[in-house]
Amino acid sequence: MTAFAPDIPVITTNRLILRAPREADWDAMAAFGRSDRSKWVGGPMSVYQSWGALLSMLGHWVLRGYGMWMLEHRETGQTAGRVGMIFNAGWDEPELGWHIYEGFEGQGLAFEAAQAARDFAAREQGLDGVISYVNPANTRSVRLAERLGAVHERDGTLMEVHEVRIYRHPTLAQQERAA
Amino acid sequence: MKLPAIITTRRLTLRPFELRDLDGYVAYYTGPRTAGVGGPKPVYQVAERFLAMAGQWVLRGFGRYAITDGGAAFGHVGVMQVLDTDPPEMTWTLWDASREGQGYATEAARAVMDAWAQTGGVPLIARIDRDNTASLRMVERLGLKEDIAAQAPEFLPNARTFLSARA
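The listed protein sequences correspond, in order, to chains A and D. With numbering that gives the first Met the number 0, letter number 64 in the first sequence gets 63, and the count goes up by one each step, no holes. With numbering that gives the first Met the number 0, letter number 52 in the second sequence gets 51, and the count goes up by one each step, no holes.
Derived by calculation from the structure, the hints in this document are not laboratory data. Please note that the accuracy of each hint is not assured.
[To be verified] Here are the simulated SDA-like cross-link-like pairs (lysine to any residue), alpha carbons at most 20 Å apart as the crow flies: (1) Lys40/D to Val25/D; (2) Lys144/D to Ala96/D; (3) Lys38/A to Glu106/D; (4) Lys40/D to Lys1/D; (5) Lys40/D to Phe86/A; (6) Lys40/D to Gly105/A; (7) Lys38/A to Gly105/A; (8) Lys144/D to Ala88/A; (9) Lys1/D to Thr12/D; (10) Lys40/D to Gln48/A; (11) Lys40/D to Thr156/A.
[Claimed, not checked] So the derived label-pair ranges between C-beta atoms look like this: (12) Gln173/A to Asn157/D: 30 to 36 Å; (13) Gly128/A to Lys40/D: 27 to 33 Å; (14) Ile5/D to Gly155/A: 36 to 42 Å; (15) Asp154/A to Pro3/D: 24 to 30 Å; (16) Arg140/D to Ser45/A: 31 to 37 Å; (17) Asp83/D to Pro8/A: 37 to 43 Å; (18) Ala178/A to Ala4/D: 44 to 50 Å; (19) Glu104/A to Pro41/D: 39 to 45 Å; (20) Glu104/A to Ala116/D: 45 to 51 Å; (21) Arg18/A to Arg129/D: 43 to 49 Å.
Glycine is no exception: its CB is placed at the ideal position from the N, C-alpha and C atoms.
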């Protein structure tokens with residue numbers, strides 16, 4: 000019965016486990032929603048909006064067969080953020096997105112997670128050479144997109160924010176040629 | 000799981016949401032029919048709500064169904080619960096005005112409430128905007144009783160609250 004139990008794969012990296020959301024992630028997710036850190040992804044959010052974000056993350060896997068993973072920090076077991084593919088109404092195409100929670104930034108965890116998620120999406124989910132929407136004022140995300148080898152392809156509109164940059168990630172083949 | 004995946008009534012199939020239902024939901028929630036439930040909303044928020052309806056089933060084992068008569072959905076019906084401390088809430092909406100006045104919402108809601116009762120679920124509440132005369136009439140048909148003391152939630156400040164007969 001896939002409608003009730005989406006098959007969300009587990010990916011392990013050096014420092015992170017990418018996995019399905021659990022009840023135990025809820026406090027960290029709600030704290031992120033309340034905080035100013037969520038301003039780049041539609042926040043700050045009420046507790047009801049954060050709960051909606053958790054449910055919609057699960058519903059995305061149910062209806063599209065891919066989506067975002069929670070990031071579990073292996074050393075501490077804490078919830079460090081989320082990363083993965085988003086394809087919602089208003090999106091031009093599936094997007095690689097990332098949110099890192101307070102206390103876990105500045106360590107390259109978003110890079111590590113985004114690389115793993117991008118690779119899995121390309122190899123297993125047929126999503127190769129995807130885009131990322133980045134608000135140019137979010138300089139940390141701009142730097143991360145560039146570090147991932149994505150290039151500023153064009154500008155667009157997302158969630159009623161105008162002039163969001165659309166970065167294009169390299170395909171697997173392009174990454175191999177560059178290596 | 001507390002509710003079955005599919006419920007069949009005399010005229011309707013209540014089933015899990017599918018992507019083909021999204022357009023109808025977006026048309027509904029970006030339009031004027033949602034004034035009593037906090038809308039209209041921008042498309043990206045509507046799409047999130049749609050996914051969230053599908054996602055609640057994963058965590059809670061119950062949720063909202065697509066109301067269909069074979070094709071894409073023309074409404075949703077079922078049980079919503081946001082926080083663990085909130086009571087489960089019976090909800091129903093016809094997305095398409097042309098489907099009103101034929102008893103579809105009542106038929107769907109009654110079937111879900113029967114299924115919920117069969118699983119031994121706790122009493123349900125329903126919150127209806129004071130100006131939503133169609134749903135207020137349905138409340139009587141469904142045998143719900145008003146909870147005069149209940150406070151309206153912040154997301155629906157003009158609501159009256161009702162309790163299922165098992166309360």
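Each hint tested on the structure:
1. Lys40/D to Val25/D: 9 Å, holds
2. Lys144/D to Ala96/D: It is violated: about 27 Å lies between the C-alpha atoms, which goes past 20 Å.
3. Lys38/A to Glu106/D: 42 Å, violated
4. Lys40/D to Lys1/D: Given that 20 Å is the threshold and the Cα spacing comes to 31 Å, the pair is violated.
5. Lys40/D to Phe86/A: 18 Å, holds
6. Lys40/D to Gly105/A: Violated - the C-alpha atoms of Gly105/A and Lys40/D are around 35 Å apart, more than 20 Å.
7. Lys38/A to Gly105/A: With a Cα-Cα distance of about 18 Å, the restraint between Lys38/A and Gly105/A holds, given a limit of 20 Å.
8. Lys144/D to Ala88/A: 38 Å, violated
9. Lys1/D to Thr12/D: Distance ~18 Å between Lys1/D and Thr12/D Cα, so the pair holds.
10. Lys40/D to Gln48/A: Holds - the C-alpha atoms of Gln48/A and Lys40/D are around 13 Å apart, at most 20 Å.
11. Lys40/D to Thr156/A: 17 Å, holds
12. Gln173/A to Asn157/D: 30 to 36 Å: Given a distance of about 55 Å, which is not inside 30 to 36 Å, the answer is violated.
13. Gly128/A to Lys40/D: 27 to 33 Å: 32 Å, holds
14. Ile5/D to Gly155/A: 36 to 42 Å: For Ile5/D and Gly155/A the Cβ distance comes to about 39 Å; the hint holds.
15. Asp154/A to Pro3/D: 24 to 30 Å: Hint violated: Cβ distance 47 Å, outside 24 to 30 Å.
16. Arg140/D to Ser45/A: 31 to 37 Å: Holds, since Arg140/D and Ser45/A (Cβ atoms, about 33 Å apart) stay within the stated range.
17. Asp83/D to Pro8/A: 37 to 43 Å: Violated - the Cβ-Cβ distance for Asp83/D and Pro8/A, about 28 Å, lies outside 37 to 43 Å.
18. Ala178/A to Ala4/D: 44 to 50 Å: 46 Å, holds
19. Glu104/A to Pro41/D: 39 to 45 Å: 29 Å, violated
20. Glu104/A to Ala116/D: 45 to 51 Å: 49 Å, holds
21. Arg18/A to Arg129/D: 43 to 49 Å: At 45 Å between Cβs, range holds.
When each numbered hint is compared with the structure, violations occur for hints 2, 3, 4, 6, 8, 12, 15, 17 and 19.
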